[in-house]
Each structure stands twice: as C-alpha cells, then as structure tokens.
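Trainee: Residue strings, one per chain:
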Amino acid sequence: MSEAVGSTSDPGKTGHVLSMRGIGKSFLGVRVLSGVDLEVAAGEVHAVVGENGAGKSTLMKIICGVHAPDEGTIELDGRPVAFGHPLQAQRSGIMIIHQEFNLLPERTVAENVFLGREPVRRGLVDRAAMEKATARLLDELGESTFGPRDTVKRLPVAQQQIVEIVKALSVNARLLVMDEPSAALAEHEVELLYRLIGRLRDRGVAVVYISHRLREVFDVADRVTVLKDGARVTTLPIGEVTPDELIRLMVGRDLGTYYPPRSAGAGEVRLSLRAAGNHKLRDIDLELRAGEIVGIAGLQGSGRSELAKAIFGAEPFTTGEMTPSRPRSVREGVALGIGLVTEDRKAEGLALRQSVRDNVLLVARAVGAGNRGGVGDLLERVRLSPGRGEHEVRYLSGGNQQKVVLVKWMTMAPRVLLFDEPTRGVDVGAKAAIHDLMRELANDGTAIMMISSELPELIGMSDRIVVLRDGRIAGTLPAGASEEAVMGLAAGEVA
Amino acid sequence: MKRALPILAVLVLLLAAIAIANPFFLEPAGFLAFLKRAAPLVILAAGQYFVVVSGEFDLSVGSLVTAEVVIAARLIDGDESATWPVLALLIVAGPLAGLVNGVLTTKLRVPSFIVTLGMLLVLSGAVFLWTGGAPRGALSEGFRAFGRGGLGPVPWSVLILLAVGAAAIWLMRADFGRTLMATGDNERAAALSGVRVDRVKIFAFMLSGLSAAVAAILLGGFAGVSAQAGQGLEFSAITAVVLGGVVLGGGRGSVLAAMAGAVTLEALFTLLNLYGISGALEFTVQGVIIIAAVAAGAVRLPRKPTPRRGDAHAAS
Amino acid sequence: MDLLTRARRPARLPHGGPATHLRDPVRVVFLALAGLVAAGWALVALDGGQFLTLESVVGIQQRSAALGIVAIGQTLAILAGSLDLSVAYLISLASLVAAEIMAGQDGNIGPAIAAVLAISALVGLVNGLVIARLRVHAFIATLGVALIIKGVVDHLYDGPAGKVPESFQLLGYSRAGPIPVSAMLWAGVAVVAWFLLSRTRLGYRIYAVGGNEEVARLSGIRTSRVIVITHVLCSVCAGIAGLLLAARLGAGAPTVGTDGGYDLESIAAVVLGGTALAGGRGGVAGTVGGVLLLAVLDTLFNQLEVNSFVKDVVRGAVIVVAVAVYARHGTRRPA
Amino acid sequence: AGCTTDKPAATTPSAAPAASAQGSGTGAQSKFFVQADFDAQLAMRSQPPEGPVDRPWEQAIAPKMTGTARYKKDGPYHLCFSNAAVNNPWRQVGWKTMQAEVGLHEEIGKFTALDAEGKDDKQISDIAELQAKGCDALIVSPNTTATLTPAVTAACGKVPVIVFDRGVETDCPVTFIKPIGGYAFGADAAEFLAAKVPAGGKVLALRILPGVDVLETRWSAAKVIFDRSRVQVVGVEFTDGDAARTKSIVSDYIQRHGRIDGVWMDAGATAVAAVEAFEDAGLPVPPINGEDQQDFLQKWKDAGLTAVAPTYPTYQWRTPVIAALRILKGEEVPETWNLPQPKVTAENLSSYLKPNMPPLHYALCGCEELPGFPETWGGRKG
Ligand SMILES: Nc1ncnc2c1ncn2[C@@H]1O[C@H](COP(=O)(O)OP(=O)(O)OP(=O)(O)O)[C@@H](O)[C@H]1O
Ligand SMILES: Nc1ncnc2c1ncn2[C@@H]1O[C@H](COP(=O)(O)OP(=O)(O)OP(=O)(O)O)[C@@H](O)[C@H]1O
Ligand SMILES: O[C@@H]1[C@@H](O)[C@H](O)OC[C@H]1O
Ligand SMILES: [Mg+2]
Ligand SMILES: [Mg+2]
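Protein chains in written order, with my numbering: chain B, 1 to 495; chain G, 496 to 811; chain Y, 812 to 1146; chain F, 1147 to 1528.
Any given hint could be a false lead.
[Unchecked claim] Facing chain F, a subset of chain G residues (Cβ under 10 Å, in silico):
#, residue
1, Arg-643
2, Gly-647
3, Val-720
If you are wondering where the hints come from, they were derived from the structure by calculation, not from laboratory data. Note that the structure is a prediction, hence the values are computed from the model and not measured. No residue lacks a Cβ here, since even glycine has one placed at the ideal position from N, Cα and C.
Next up, chain B with everything else stripped away, as it sits in the complex (with noise of 0.2 Å):
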C-alpha cells in the first residue's frame, strides 16, 4: 500500500478525472480508434458499450497506458498525462481489470493482489503486511473461501476473478477501469460486483465499466458512450436511453426481436445418457432430440461445461450409458457426429495465428473426412465473406470468431451440436446471428444443447431447461420459465 495513490487532490463532483480528447490509434495501419472523447468524472459510474472489435479494450490500455495514442490529449484532473507503461498509470492512480485474463496462477493470492507493488520495510518484501492487507480486503468482500496464502492456480475461475478485483481496490484508485469484468461471473455473482461499484461510487472513485450485456449496463451506470467502429457515437445520461435504442447506436439499425421463433417440434432422439456420471456429474438423464434446443442451466461450477465435454468425448462418463455409444475421446465423439462449441474460444477453440480456412477446415483435417469443399458456401451462409478465408483469425472480432468456430463443425455435418456459451463477449449483433443459425441448425435437423449464463437468452432460445446444481440434475423446465425458476433450481431454493 506504500505507492497507493489517494484522491488528495479531490476536484469535487463537478470536476472530470479523467479527460480523454480525440484519441486516434492504428495497429499495423489499421485504424481502430479516431477522434474519441470520454470524460469521466469523480463518483461515476460510465458505461462503454459497443460492437466486438469497436475499440473498447484499445480505448481503456491507452488509459492505462498499455498502449500510446498516436494522436489525442488525456488529461487527469486536468493536467495533461502520457503514459509509456501501465506503471506510470498506476502511480496515477488508475487501475484496470482487464478483459483477459491477468493472475499468475502459480503465485499466492497476495503475492498476485500486490504485483509490482510489494511493500517493502527495510528493503525487504513485507510478506506479513500484505497478506494482512489482502486478507482484510478478502473480508470486506465477504469472501471467507480462500485466503491470502492460497496459490491462485487452485481457485475456480469466479474465484480468480475475485482476486483480480481485490487486486484493483488494494489501490486506493480514482479512477477503475473495468473491462467486461462479468464476463466469467455468473448473473448472481454480479449483484455482489454492483454492490462494491456502489461503495467506490459512493467513495469518489470514477468507474468505467465495460459489459457486452445490456442489464448489467442499465443496473450500474450513470452514463453510457457508445463507441462503433473506433468511433464515438454518443455520450447520454442512462436514464435517456432505452436498451433498443441503445442496441440501435451500437449495430446502426435496429434488430428486431431478441430471439428466433421456436421450432414445431421434436423429432428422432439423437442422444441419450441413463444415470450417466465421472467424478463431477452424478446420475444424469438426458435426452437430446433432432430439431430442439435444449438448454443447460447451473451455477458456476454446476458441471454444465463438464456435462457438455463429456458427451463430447473430452471427458470421460465413468459411470451410466450414452446411446448410440459413450465415446472415449474427441475423435469417438466426432465420430458420432457430436460437434462441441467451446466455451472459450480463444484458449479452446481457436488456432489464432492460423487462417480462417484452416481453422474451419480443423476437424475434417483431423479425422479425415467432412465437407472440404464447401467452405466458401459456409462461410456465406455464416455472412463471412469467403474472400477472408485467408485472413488469420486473431485478426477477426470476436463475433466473427465464433462463426468461424461454428463453421468448423458445420464442416462435418453434425448430429448434435453442443453449445457451451456461444455467445460470451459476443456483442448484440453477432450474437443475433449466432442465435438465428442455432436455430437454423435445429430446424435442419441437428439436436442442440446450449450451456449459457445469460438466463434471457437461455429461455430465449430454449426449447426445454435442464437444470444442474452440484453435478446432478435439479429439475427440467419448459420452454419459456422464468428467470426465478431456473434460479431457484439453480441455487437449490424452494421456488
């Protein structure tokens, strides 16, 4: 805490932190951001919002000095800054969660919430002193599951993200940046972030708060500025927008309604588990028919994303039966016909620095069959142009990513198609896309299954809900059930 920067120099209410003015930023001679203006001011809470790929994340690592604008002023309050390392921000007093991920998972909890700032007595680390300070940070959060001394490899993701925001208060920050820091919670776990938002607010500090999903936006903001294509489209009070119009500013045209119309119904049964389980799932039965959506609902580490891989052959069932055949391993499953959507797609899904037509054409590579030569139509028809398909696919937006990632199992043809958070980071027009073609699929035949957080969209697109809570199968809803349903499944209260 020995560099913690306070707000001393507090400019009131009225004053802005921070004040950015036409920002302009090119990587490799492609422009990403021009002419960007955000002003932030002191006990607010600013909401960026925009497409995939629209210059969020860019916009916030020239905050904190991650990257240098080629043109554009930043002031903080109201002196004129440039920072040539995120070092220098953090002096600053500016903090950042950042949208990836940002832990040394071999490192304790407290050596990760202090990194590169140590406080140091006499020279020497302080070990005591920052565990203690870590520990009460831990307490104010209410989180008693993990402490100081704990190696952040060992933690669940949602508890990982936890020790990135305790790394982030452990300044005492005016201004927070907080890119998409929802992304790996689940919706409840969120009510918790609005809370300590509230208490920074409440405390002075400027907050900018990223997030693909609108709720969240509309729950914790004071104003919104909408960015599309590297460019700011408006800045408004929250309470002037509606979140179609506020959908209408980041795509430019309006999207009709959220979600495709559900199929007839149900044909052939294309997958069965009996009383199937390993050592995170217990006694499931499933079925999952030709034409429907069945959606997985759960908590954080429910075991959805731990069903889906098993099916899929990633994970083994050790216990129960799957028909047509429990496969052993991923080529087993694609063998069945069984296509899995990873959750993550750039850790699981993707070879980043490989082209786009490689990467589709991944699976039928690897098991040597598929539908080759078809890529272009496919790529049509997922509204990616073919003439792309050389480009690699670190260069595409993360909505454009995932289509790629579905294109790669529509090469093959599947039976069932396993979907584990299709549209996380996914902005609202691609994620619309990305419905319509689910639901295409469906209706061409195929069974999915789709794990989402989202419970809007889970009911949404959803035909029937299972329900998961601790590895076992808390109860089946139909199509459309409330949100408070699937909850109470979900968290094991009597709905």
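Once you have looked at the hints, place chains G, Y and F with the ligands on chain B.
Mentor: Frame of chain B, contents of chains G, Y and F with the ligands only:
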C-alpha cells in the same frame, strides 16, 4: 511464403557476394558442390522445422547423426554386402529415436528441451559405450557413394536434398502439416477439434529423427566415419530454422523458409571462408549476424492474449 | 448471506498429506539425494571401499562448486522465463581475464576480480538487452552471444594463459575441515540468490515475469528491466565460476567452460531441481539439490570406476525421469 | 579442524620464449617453440635407443637415470591412473594397451583408474581423490599442461608420480614418459614434403586445434623446415579433427588455388578425408603425410600415394606401468623417458599394414603379443 521473402533476399545477397569472390561458384559444378555441402544441414533443418513448428525442440539430432554414422561403420565394417541392410536399419533407427523423444515429451509431459537433452546424453554415452570410446569398423564404398558420388554431374546428396525438400513441402500442405501447425499454435483447440496432438507431435519428432538419419548417411558418405560427424548440428539446425523466420514456440513459419535458412547459414560459412575471416572470428561474425537477422525479423506483431480460462503457460 | 459464497463449493486446497510431500520438487530432490547417498554407501561397501571419506566429501563439494554457482545464475534466468547458453564461453573468458590481469601478482587480485565482474555484467547486459529490447528468443540470443565470445576467445588465445598468484589459488584449494572455500563461496551465492528471490521486490518480479510476462507488464512491472537485471546476475554468477576455476587451474583456459559443459549441465541441474523450464516456478534450494545429486552421482561412478559413457547414459535418464516425476505431481489441475 | 589447503607450495612454470621467425605463409612462430628442445629432438631421431630391440616401449633414448630406492616397497601394489580422457581412437588404443599391460603383472594387486572426460577441473579433483585411495604409485596423463601442474605437484609430495604423453610444467614426477616428441613428428613430415614437392609448390598445412603442446610443437617444427625450404605454404587451417571439415577445407583450397602440391598434417586421423578431397575432385593426390592409422596405411597402399607417416606411438601407454613397477621395486628409471618414434615409409609400409585391424587402429600399439589381441582392440583373428 510471405514470411520466406526476407530470408530469400538475404540468401540471394550472400550468394551474389560469394559469386563475386569466386566466379567458379556460378558454374554448375561450383554451385552443385555448394549444394552438396549444404545438403545435410538443409535436411536437418527441414526435420527440425516440424518439431519447432509444433512448439518443441529437438536437441538430440547432432548426437543422433554421430550415433548413426558410428553404428553404420561398426555394423558394415567394410563389408559391401552389408550396405543396404544397414542403410535400412539407419532409416528405421532415426525415427525410432524420434519416437522415444516424442513419447516422453507428450505422454510424460516433460519439456522437449529436457527430453532431447537427455536423449543427447544417452545416445552419445550409449554409442561410445558400445564402441569403447571411438568409432570402429568402416563404411563400405556403396554407403559412401551417397555422400561422394552422383548421377552424372549431379551429386546424390543434391538429388536427395531435392526429394526431401519436395516431400517436406508436400507434407506441410497435406492434412498432417495443417494439423501440426494448428497444434503448435493452440494445442488445446487442436485436441478439442479431434486432432490427436500427441500422435502428431510424435510424428514430428520421428520426421526429425528421419532427417537425422538421412543427414548421417550423407555426412558419413561424404567424409567417412568420425566421432565428430554430428557435433553441434542441433544448434546449427535450430539456428537455421529460426533464421528462416520460424518462431520458436510453434505455430508459425514455412518449411521452405526453414530450409532457406539452412542454405543461408551454409552460404554465410562459405563466404566468411572465402573472404578469409580468421578461423576464430568467423564465430563472432556468425553470432552477430544470427542475432541481427532474428532481431530484424521479429516484426512486432500483437501478442497472443492470455485468455481468462486458458492455461496461462504456453508449452515451453 | 450472499449468493456468491453459498454457490461456490470449497476450493480444493492442498493439505499436508503424504502425497503433497511428493508434490514439492525440492523434497523429491533431497529425498533422492539421501537415497543415492545411502545406495552409494552400500554399493561402495560391497565393493570393499568407503563411500564418504574426507576426500570424497571434499571432492563432491569441489566438483560441484563451479557448476553450482553457474546453476544458481541459470536458475534466476530460467525463473524469469529465459535461459542462458552463453555461460560456458563466458566462464572461459572470465578465467582468462582473471589470470591475465593477475599475472601472478597478489596486488592484481582486486583489479582482476573487478574486471571479471565488469565483463560478466556487460555480457549479461548484452544478453538481456537483445532478449528484452530486440525481442530475440533467449535460446537464439544467448547462442549468438556464445558464438561471439567463442570467436573472441579462440582468436586471442590458443591455450592456457595468465597466472593466478598463490594467494588466490587458495580459493580453489583451501578448506576449513571438510568444507572447501569454494563450497562456502557457492553457499554464499546460493544464500544471496535465495534471499533475493524470496525477500526482495526484484525476486518477486522475476517470478512474475517468468510466470507471465504480459501479466507482469500490465501489473506495472518493467519487464525488460527485470530480464536485463536477471541476465546480468546470471552472467555475474558465471564470472564468479570463472574466477573459481582460474583459482583451481592456476591459469585461465579457453576451453575450461565448454569442456565442463556448463551451459547444458547448468540447465539440466536447474530442471533436476524442480524449476520449471517455462519459468515462474521453482527456486534455489532445488537447484542446490540438483547440483549435489549430479555431483554425488559422479563421485559414486568415480568410486565404482564406472565407464564415463555409462555416466552420460545414466545422467540423461535421471534428468528425464526427474522432470517426468515433477510433471506428474506438479500440474494436475488445469489453471 | 583448522584451515587446511590441499594446494602445493610453489610452482614455477617455464615461460617458453617465443622465438619468432617470420616465414613465408607460415605465420608467426608458436609461443610453445623452444629452440633447444627442437634441436634435441631432431638429434634424437638418429640416436640409437637403449634397451631390448623387440620391445621399443622399454627402450629409452639417451636416458639419464634417476634412483628410486626411497620408493621401494613390497607388493602387491596398488597402481592408480588419472586419465585425461578416452575421447579419440589414439587414446582408446592406448588405454586398451595399458589395461592389457596391467594384466601381465601379478604383483599389481589393484589398479584404479579415473577418467577426467577431458575436463581439467575434474582431473584436478580426480588426482586429489586418488591420493586418498592409498595408491602406491600414480600415473597421470594430463589433460592440459599448464593447468594440471599444481595438482601433479601436490601429488608428488605423497606418492611417486609418473607422467606420460602430454607433459606438466614441473619436474617433480619421478619420470616423464614420451616418444621423442612433436618436433620430430612435425619435422619428419615437413622434411618429406620439402623433398617431394617441387620448388614453389603450394603446401596446405592442416592442424587439429591450437594450444595443445604436443601438437603445437609439431607445427612449429614444420614451420622451421618450411621456412627454410622452397615450398610455399598457402594455408594453415584448423580442422577440429573433423573429417568433414577437413574434406571441405581441402576442397576449398583446391578450388581457390587450382592445385595443391602437398598436404602437411599435424595428425593422421583425418588424412584419408584430405586424400578423398583430391580423389573426388578428380585430381592426383599430391605428397601427403598421415599417421600410423590403418585407414591411412591402407589408402596409401591402395592408391599408391607418395606419403610418409610419422608416429606418436601408442605403445607409450605400456611404459608407465612398467616404470611404476620399477620404481616400486627401487630400480632406476630415466628422468625423461624418451621412447623411440619410428616413421612409416614406403619401404616399411607393408610391415605396419594389418588388414585385420579396424581402420582407426594405430599400428604402433606394441600390443600384438598382449593377451586378448586382436579382439580387444577390435580386430579379427586370422
Ligand atoms: N495489439 C493489437 N494489434 C493489432 N490489432 C489490435 C490489437 N489490439 C486490438 N486490435 C484490433 O483493434 C480492434 C479493436 O479491438 P478492441 O479489443 O479494442 O475491441 P473491443 O471493443 O474491446 O472488442 P470486444 O468487445 O470483443 O472486447 C479490433 O479489430 C482488434 O482486432
Ligand atoms: N470448486 C472448484 N474447484 C476447482 N475447480 C473448479 C471448481 N469448480 C469448477 N472448477 C473448474 O472450472 C471448470 C468448469 O467447471 P464446470 O464444468 O463444473 O463448471 P460450469 O458449470 O461449466 O461453469 P462455468 O462454465 O460457468 O465455469 C472446470 O475446469 C473445473 O475443473
Ligand atoms: O593426447 C594426444 C592425443 O589425444 C592426440 O590424438 O594425439 C597426441 C596425443 O598427445
Ligand atoms: Mg474488449
Ligand atoms: Mg462452463
């Protein structure tokens, strides 16, 4: 191909400089002699490429080359009729060593740097244990022909080099190559797409072993049996691959560029020799050029983001 | 009562069962070391000899001191996610610089040590800058620097040169009872490095940079600086080893570093000690164990007069097996 | 325990004067060159050795005997050997020969050998460790001359020490065993070339590596001879003892100079590679020297080369064992034991050529009568 351009430019420049100092180099015989000398390293670089692009290292190729030459000499022992059986044995033994490297790396999850370092120690120890400290026996004339003789004016080594080069390029365009590349880029994504990543990597190590076997046949043929046949070749091969713009860590670079890197390295040696840079300072020049070339080639591309849920460690 | 805590199941945190003992590589190395000493005792006794005589205990330490010091430096580099292949040539260079400047005169010892440390630091600086600023992979960068030093050394020297005065040779030969001065020097370097890693900010930053350079940078750490400093320290360790070898040889020798195979052997000792080659995990204690393990193995082979080729085979196998054991116990859970 | 040192009291290395005679193409004279030693060795070549004619490893040229009565003790003896390395065929043949020699003597109760694997530092520790093993005599084949001196000096105080092959910079060992030496080797080859290569002819000199005294003296003697002759030395190159490198270097020289009229080599191991470079270029092989290795002798015969092969006989590995026993029995031994150093010529080639032995075998091993011959040396019966 685009990534191969800078190295090809450097290569042309070096070749021109050699030609100026030694006009004989422009004659077919002179150029063929150069290619013949470069062949073993180029072949090794092609083999090393498969391993590097899959995200691994193979430090054992140098001692594998030595081992193969020494084993061949002892087994053939000057007996002409043993030539072909022993050749066949070498061609099998190389990939076999690669198989062990690959299995230990993938199944035991030991970094390949360590596995192949261990293999280096084990191979050199075992071979000399078997021969009592120095090579014994002799290679037959038939064996030597691959490194000494030729088809008319074209040395066998050059023909073999062309064949290996064509095969390597073909392999990289085939399903194997594409899945290997994807594995080097993102192993987890490849595995979840049905790629048998262990098998693909093991195969890459086997190809590296095979290239060592071929290089051993050419080197043994060229100069006869020697305990130094493969000395330092692992470092030369990795250097060549990197000079060709292939990225240590995997997932990027072309096999053609890797081979061009090896030719460039050989051209560099030739040039330094021609201009009479004193024997020792040659190393200094080589060191400076390697660092400079790699530094110049390291265009600052955006780094791979570390995803929230992924394993924070890239494979070594 | 908030949802967050209720919904989460308790994290699987380590408990002190017997399995976790084996999860710590440092314990494994020292257990293996103890086992080897016991086995050696038995084997040599069967052979009619005595394993731990004063001479062999002194021998083990003398044999491991130089490698030990280099390996400490290498540990720092590897922890920071780098590695240094130039140490072997630097050792040769350092021994020559030391012996040439000393030229047999006691009065020159000070300047000679200063010069060696300065040159080593310079080499480390170059290594570090090439890696951190020019963004050349450490493997290639340090290999390149190794070639540069080799060229210079080979160009200037064709055999042992210089002379180390008697008083400085004591560094290589004196001992207090069973503890040679060289081993004390090694212990000193190890303690300093341990202290650095576990108690100073620099140490924390070395782990951070090795664990994930991008995370470190985003957390406000000047990663280039950490890498450069680490390489300077690594090279200084190699320089100290060069001084020690000069004291032992009485002269500088252009091949003493490469003959000793200090480049790959130091890396092998580090990973044998459980430090992850990818960086960010491990430490000095393991390295000390790794070096001692190699030295005891050497002594055992010596006593049993095992052919040196068998040694290479065994050594190669031991290294691979050890790292395989760590891989098995270390990273069960995906992060 | 107080402070102890295992270090010897004082060493006085003889700084070799660099008698530099700038010659044509041969560069500066080696700092290892000592005119007196050069003269002595060249003279020794024509001095008849003393001792049994059929056992050259027991012969000595102009021996100055030294008494050893103070080392006399009763057997059985424990002999120890600190070996620099077994890393090339020459040392491999020698090591086999030494072991066989040990086998001949029942009075040797125990023979302990440590291999330093080419590492100075290890050999220093090895020597220290051997002293603790209760050796009656210590044989040392030093890895490097200067750097092993302190360790050998230290050992001298405790046991009788016998040094052979490469020397040390102290005369504390009871005896130093070596063939006549490098000057004689280098001169034998250079004189041959000077005689066979026409005036103005281009000679290429190939050396293994710099800095090893026994190799430095070979080249420095050749340099003296070449400087006096009318041949032109167009290049002096280091081959690392690597056949491929040798062949490449020779090919390059042929390419650059159009022709090469003679090849001088400081060691024979890569002589065949040099010969092949001419063959592969379709040129006649010029006068060349090799060593007494079978592959070269065979090539010589098959291709009818104009060649000579000075030797550095591996039978010298027998002598230290013999010397050690004599010392322990209190018999006199030469202070410096100069073994005869024959050369293979066109006339006596056939007597050294042994087709049943492996190609890297050294003819002058003196091992033909030893038990286990020829199999132990990798040869075939018949
Ligand atoms: N380091 C970089 N190098 C090159 N291009 C980059 C880099 N970082 C971002 N980009 C590109 O800049 C554009 C804006 O990316 P940015 O990450 O800021 O978008 P975003 O609005 O945060 O999107 P998302 O909602 O998906 O997080 C994208 O096209 C992206 O590919
Ligand atoms: N309590 C826990 N301790 C350790 N790891 C956990 C824990 N809970 C979940 N994980 C890890 O998190 C990952 C996801 O687990 P799981 O399939 O159970 O979650 P999920 O229901 O899909 O939740 P989500 O996908 O939202 O994280 C798995 O890799 C699992 O090992
Ligand atoms: O020891 C030396 C040996 O290694 C070399 O091959 O020939 C000369 C010897 O002195
Ligand atoms: Mg973003
Ligand atoms: Mg999940």
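Trainee: For every hint, state whether the structure bears it out.
Mentor: Checked hints:
1. Arg-643: 6 Å, holds
2. Gly-647: 14 Å, violated
3. Val-720: 8 Å, holds
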